[in-house]
Structures are given as structure tokens and as C-alpha cells.
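Protein chains: 2
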Amino acid sequence: MHKQNKLPISKVASAVEPFHVMKLLGEAKALEAEGREMIHLEIGEPDFPSLDCVHQAVTDAINHGNTHYTPTLGLPALREKLSRFYHDFYHADVAAQRIVMTPGASGALHLLLTALLNPSDKVMMCDPTYPCNREFVNLLHGEVLSVPVEASTGFQLTAELIELHWQPGIKAVMVASPSNPTGTLIEQPELLAMANFLSEQGAYLIVDEIYQGLVYERAAETILANANLPDNVVVINSFSKFFGMTGWRLGWIVAPEFLIPALDKLAQNLYLAAPTPSQYGALRVLESDALAALEQRRQIFEQRRNRLYDAMMSAGFKIPCKPAGAFYLYWDVSELTDDAEAFCQTLMLHTGVVVTPGKDFGEYRSRQHVRIAYTTGDNELLEAVRKIQSFINNDG
Amino acid sequence: MHKQNKLPISKVASAVEPFHVMKLLGEAKALEAEGREMIHLEIGEPDFPSLDCVHQAVTDAINHGNTHYTPTLGLPALREKLSRFYHDFYHADVAAQRIVMTPGASGALHLLLTALLNPSDKVMMCDPTYPCNREFVNLLHGEVLSVPVEASTGFQLTAELIELHWQPGIKAVMVASPSNPTGTLIEQPELLAMANFLSEQGAYLIVDEIYQGLVYERAAETILANANLPDNVVVINSFSKFFGMTGWRLGWIVAPEFLIPALDKLAQNLYLAAPTPSQYGALRVLESDALAALEQRRQIFEQRRNRLYDAMMSAGFKIPCKPAGAFYLYWDVSELTDDAEAFCQTLMLHTGVVVTPGKDFGEYRSRQHVRIAYTTGDNELLEAVRKIQSFINNDG
Ligand SMILES: Cc1ncc(COP(=O)(O)O)c(C=O)c1O
Ligand SMILES: Cc1ncc(COP(=O)(O)O)c(C=O)c1O
Chain A
1 MHKQNKLPIS KVASAVEPFH VMKLLGEAKA LEAEGREMIH LEIGEPDFPS
51 LDCVHQAVTD AINHGNTHYT PTLGLPALRE KLSRFYHDFY HADVAAQRIV
101 MTPGASGALH LLLTALLNPS DKVMMCDPTY PCNREFVNLL HGEVLSVPVE
151 ASTGFQLTAE LIELHWQPGI KAVMVASPSN PTGTLIEQPE LLAMANFLSE
201 QGAYLIVDEI YQGLVYERAA ETILANANLP DNVVVINSFS KFFGMTGWRL
251 GWIVAPEFLI PALDKLAQNL YLAAPTPSQY GALRVLESDA LAALEQRRQI
301 FEQRRNRLYD AMMSAGFKIP CKPAGAFYLY WDVSELTDDA EAFCQTLMLH
351 TGVVVTPGKD FGEYRSRQHV RIAYTTGDNE LLEAVRKIQS FINNDG
Chain B
1 MHKQNKLPIS KVASAVEPFH VMKLLGEAKA LEAEGREMIH LEIGEPDFPS
51 LDCVHQAVTD AINHGNTHYT PTLGLPALRE KLSRFYHDFY HADVAAQRIV
101 MTPGASGALH LLLTALLNPS DKVMMCDPTY PCNREFVNLL HGEVLSVPVE
151 ASTGFQLTAE LIELHWQPGI KAVMVASPSN PTGTLIEQPE LLAMANFLSE
201 QGAYLIVDEI YQGLVYERAA ETILANANLP DNVVVINSFS KFFGMTGWRL
251 GWIVAPEFLI PALDKLAQNL YLAAPTPSQY GALRVLESDA LAALEQRRQI
301 FEQRRNRLYD AMMSAGFKIP CKPAGAFYLY WDVSELTDDA EAFCQTLMLH
351 TGVVVTPGKD FGEYRSRQHV RIAYTTGDNE LLEAVRKIQS FINNDG
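Chains as they are written, first to last, in UniProt numbering: chain A, 1 to 396; chain B, 1 to 396.
FYI, nobody ran anything at the bench for these hints, they're computed from the structure.
Ideal placement from N, C-alpha and C gives every residue a C-beta, glycine not left out.
Warning: the hint list may mix true and false statements.
[Stated by the list, open to error] The following label-pair restraints were derived from C-beta to C-beta distances:
id, chain 1, residue 1, chain 2, residue 2, range
1, B, E200, A, E17, 44 to 52 Å
2, A, A227, B, N394, 39 to 47 Å
3, B, F85, A, N393, 48 to 56 Å
[Claimed, not checked] Over the 12 Å line for every Cβ pair with chain A, so calculated as not near, a few chain B residues:
id, residue
4, L31
5, M38
6, G244
7, M313
8, G377
Required output: the full structure, derived from the provided sequences and hints.
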């Protein structure tokens, strides 16, 4: 320990932000260990395990000895199957050779940005956003250009905002639809306008479609289905969320063909290949019976969203945007606090309800927002709303 | 495609070296598709699948719903078990909280170097070396300081060489024991001398022990078993090689305690967590019956090494260092060619034997060396030697 000063860590490592909710979660676990019942509305993953048919397929594959490295870009059969999936479900024409299997969307985002960014290159993204996006850019010595977004644009960038905030040196713009933490979407014409504007500037548009299948009261979409899409669009996706396979660590990139050799060479070094058993599981989860089972889960999320949203609205809570996707709801707590982090902690101590302070997603009005994840059952969600309501009433 | 020039990739992506053997492998596969029989001596992974008991444990775990993200640092039970493993098998005192589970040693090396390196920081390593090490440093905008090593030091760095080549700005020295591509070891007193010298300089020693269990005619070792080890030593390891779990993508870091918070925060962003099923498999592979099965495989590798080495020596091939570990043998072809890459290609075309040109591992005398991997059965190994011998005799 006495050597700590002599042996420094890197500047990027010192600067990287922890997930602030982890501190809360630590305290919550300590309370649970004391026998206290907690309701977890902070968890960014489906509460369901992966599907039984996936487990069966993985068991078969590993018992057949399929436990070696796959090719770096992924199992050819899986890349083909994803290509067909895009065709069959999205009427999108995506050649298998444009698809790169990665260790989660996390691995995808890191790989892609490594392929694109030189030090000092700027990357535009909205605030609030998925926090790792900022860190990926920081770790590559790029510069994050955060654009504050309001409920009026669904907490999303628009082509207009991108143009308004345009400056030289921007290499890429990152968006997510549906988004974490807000659950909001970007409409296809808007995405296309972004892509075209950025194409003129010689910049990339990175669209994170990780919550793609989880949309409500409308059909799932992909930017890749747009005709005449310019070749500056890269899509990130993952088996984590809609497909319910978080722990399997498998995602993918759809890149323009000219990027594939660079992605291949970089991936050969960064991770060699994505996990093999997971790739066999993914082959199975793209079959129609599995997709039908996932559709039922989607309906459960939709019902939860409806119940939670309705209960919160009836209780007079302020939710500026009804989320249309993912499993998050972005709650405006400005009438209750101007320090959402402290608010979340007091809430947890008094009610046992754990939610994520806005701080984890950015700076802009983040002290006035809280993310609620409906990754737990209806009863717990409604119970949580009751508890929060009575806490607010007593506190106020 | 016309946009290729307008949309540039990063400098590090343009600069990264591909694995040169991949080109050979592509041609080999084309020949195989035509019905030609090839002998693969280029493959850097055990030919055995992972153990049945691992498959059973994974099947049980996933059927019990253990398919969610684990904590970022890894399953607590696995970190504990590795700690006990170090104690029981190596008499090394390694606290569980110093162990970080990673997506392979690949993920471990990248995570660790991200935690340590600022741009322009220098990292010393030997030439020849595991090629990804150079690229990890390049991707972080560090500077690789390659020290040419000779058969006289077993193709390894020594404390003396490190001192001789010392210069300001070196943040870390990377070694691997046993090594890829040479299969040679570094003795513990030498490692300790390196650690102590580097500690005085305020620099880290990174010891890649990924081939740890695969040693012949001697017991496996870890630098962590040395008493009075300074706290600048970080160990990299993996379930890929000795444990036969390449496709599972699971490795680990043993770091001094003061590095753990930085590694945790970085890993939260870079990969969230290592694959969950793999971690359950790893829990099983550390049980004594599994380790006994792996010991039998180790004996098979030892026998292959002996047969291959003896056959090559009898045939008059030049192998400057008899490998004591891993599953590689570094063959000096200087009497046959001064262009090992061309030699490997002609060899493949004429004999169907695929080996890896030295170029993949560095520059120093790499045109005079070839790596042979004995990751295939005895008969094929001996057949390959016969074929190579007759090729040389006819050619020469
Ligand atoms: C928007 C977004 N992108 C990417 C990820 C990374 O997910 P994974 O690495 O599990 O695919 C997440 C995880 O929460 C996310 O919310
Ligand atoms: C010396 C060395 N280190 C690290 C690795 C990475 O292995 P993995 O990521 O499968 O653990 C390899 C793979 O060949 C290697 O030879």
C-alpha cells in the first residue's frame, strides 16, 4: 500500500466515473442482509433468465465439443442467421459479411470506437445518455460533446440539434433508440435526416439498437431498413435485452463493408472471439418459437410499463415522456428535490425502494431526474409506487 | 464504397498488424475444400474440448437460471475458489479481493494496460512475443520497447537485459512464462530480480501465466508464491489453455489491492462482467477430479512435445531451446531460408503442413524462425516431420 503513490494508475483510469447507483446498491444489500425487504427498480437487465430452448441448444453444442475459439468475426452460421433475421423481421438487406459478433454491445461499442477515433476526435451524444458511451470515448482520448436534451425532443438528439451544435472535428454521433435511461425512440425519418447530414460532413452515425425488440404499441424497427441509407451508419445490438441473454455476453455490429477488415484486425487483438457457447445459444434464440416466447415477455414488459406509468401518473408524479421502449422510465423529481442522489438514498432508507439517480446518465438536469427500471413484477412495481407516494406525502 | 476515403478509420486501426498466419490459413482452407489433407500445426489452442464435468456444471447453472450479469469483478465464489487454488496448489497467499475475472486473458491484458498507461508511456517486452501485447500498447497510444532476445536467455527477458535497456518513461515490463511462441520459462529468482528492480524504478512487472499448468519435467509455478514480492507485480491468467476452455472467454488478473477500484470502474464500462456460464464452468474445473483429468491432458502434451522434439532433432532440424512449457516449439529455419513466411507458404503448398511464420511474433530474426504448435495428435506430428524432412531434402 505504501507504494500507491510511486505506482500511478493512468489518467483515464483515475478520471473514469463509477456507476453512482453502485454505492446505493451496496447500502441496499447491507440492509437486505439485516433482513430488510427491498424493491429493486435500479436493475438494467430483464428479470427473466434466458430461454430453456437456449439452454438446451447450448448444452447440445458444448456436449458436441463446440467449446473452441470461433472465427474472430463470429460463427459464419450465426452471421448468416442474423442476416436472414434482418430480412425476415425488418425487411432489411444486411449482408452477413457486414455483421461482427462481439462480447456484448459493450464490446461492440468499444471495438467500433477504437476503429474510428483518433485522440482529440469529438463524439456527439445527448445528455442524459448511457454512461459508458462517454467513458469509451474518454478511454480513447477522444472528446465527448454532450448536447443537453429536453422532454420536447423525447430526450433525444434531432437532426436539427446536431446541425445546431455542429463543429469541426466531430467524427461520430451516437444515439440509442429506444434509449437508456429514458425509454424514448427516434423516428426513422429523423434518423435518416441525421445520417444524411452526417454523411455530408464525413462523420459516422452510430445507432445503438440494443433495446430494439422492446417497444410498445408499435412495431420494432431498425435504421437498416431505410432505403438509400448512406454508408456512414453503424448499428450496435446485443442479445442482452430483448433476447434476455445478459450474462452470455454477446452482441454485434452491423458496419459498412469497408470497416470490416479493420474491425476484424482489432478484434483479433482485443478479444480474439466472442464466447462460443453463447453464439450457439444465439443461433437457437433466433428461431421462430423462441422469438414467439420473447414476444410474450415483451407483452409482460408492456403491461408493466402501462401499470407503472398509470400508477405514477395517478399519484401525481411527473413523467415528461411516456416511454415507448426499453424497460426504463425517466421521472422528473424537480418538484421534490434538487438533489436526486440524496433523494434516492433517503427514499431507499425510508421505503426500501432502490432507484437510479439521474447523475449516472449525465449532468444536464440530472439532479432533478431519477431512472426507474421495470425489471421486476407488477405487484412490486405498484407496491413501490404506493411506498414512494406515502414517503413523499409524509416528507412533504 | 465510394465513401471510403471520406470516412476514415483511426490511425491505430490502420496500423494494427493482422495475424499473418491467417492468410496462410485461408489458403489452407481453400485447399482443404478441394479435398487436400492438411496437417494443422499453427493452432494456438488445445485440440481437446472442455471437460464433460464443466459442461455438466454449466448445464446445471443455466437451467437454474444463472444467466444474468455477475458482479463486474466476477462471481464472489469463483474469486474465493481461485484464491484457495493458489493456496492449495502453489502455496501462494492471494486474497480473493485481489482477483478480477475478465473476458479471457485478452480482456485482462487490455483492462490492465488501460488502467496503467498514459499516452507515450513505454512498455518493455521481448521480441519474439505474443503479438497482441504490442497491439494493446499501440491501441492505448503507448510506446512498445521491443528488446531482441536470443536462445541464450531462452528467448526471454532477464533482469540484466531489463537494466541494460532501461530508460525513463517505462511504465511496465511484460513477460510470459511459459512463453508464446517459444514455450520457454523464466526461473523464479530471475522473475523476482525483475520485480525488485522494477519496483525501485516505480514500474510494473506484468507476468502472463496463461500457460501456467502446461509445464514439462517440472512443477507448475507462479510468481505470486514468492515471499516478499513487491507490490508492482500483476499476474494475468486464463482458463483457455491448461483448463482447455478457450471458447468460454474467461481469464483473470491478480493485482495489488490498490489497483482493484480502478480495474473495477474500468471493467464496468469496458465489458460489464465476464460471461456468467463460463464462470460457473470455471468453478467446476477447479475441483480436484477435474484437475486430475487436466493433468492427464498435460501428460499427453508432454509426450507430444517429446516425440516431436526428438523427431525434429533426429531429422537434423535446429531447435535452439527445448521448450519446457506451453504447446509451442520455436524452430530456427535460418539454414533453410531467409524468408520464413515464403518458406511456410511453399511448405504448405507442397506438404499440406501449416505452421506459423516468425513474423507474427516480432521482427528480430523472425524471418529465420517458425512456430510449431503441437495441438494435434502424435501421428500427425510425426507425419508432419516426415513430410517436412522430405520437402527439405528434395528442395535443398
Ligand atoms: C444503451 C445500452 N447500450 C449498451 C449496453 C451494454 O449491454 P451489453 O454489453 O450487455 O450488450 C447497455 C446495457 O445496459 C445499454 O443500456
Ligand atoms: C501468451 C498469451 N497471452 C494471452 C492469450 C490470450 O488468450 P485468452 O484471451 O484466450 O485467454 C494468448 C492466446 O493465445 C497467449 O498465447
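- Quick one: which hint numbers does this structure break? Sort them smallest to largest. 1, 2, 6
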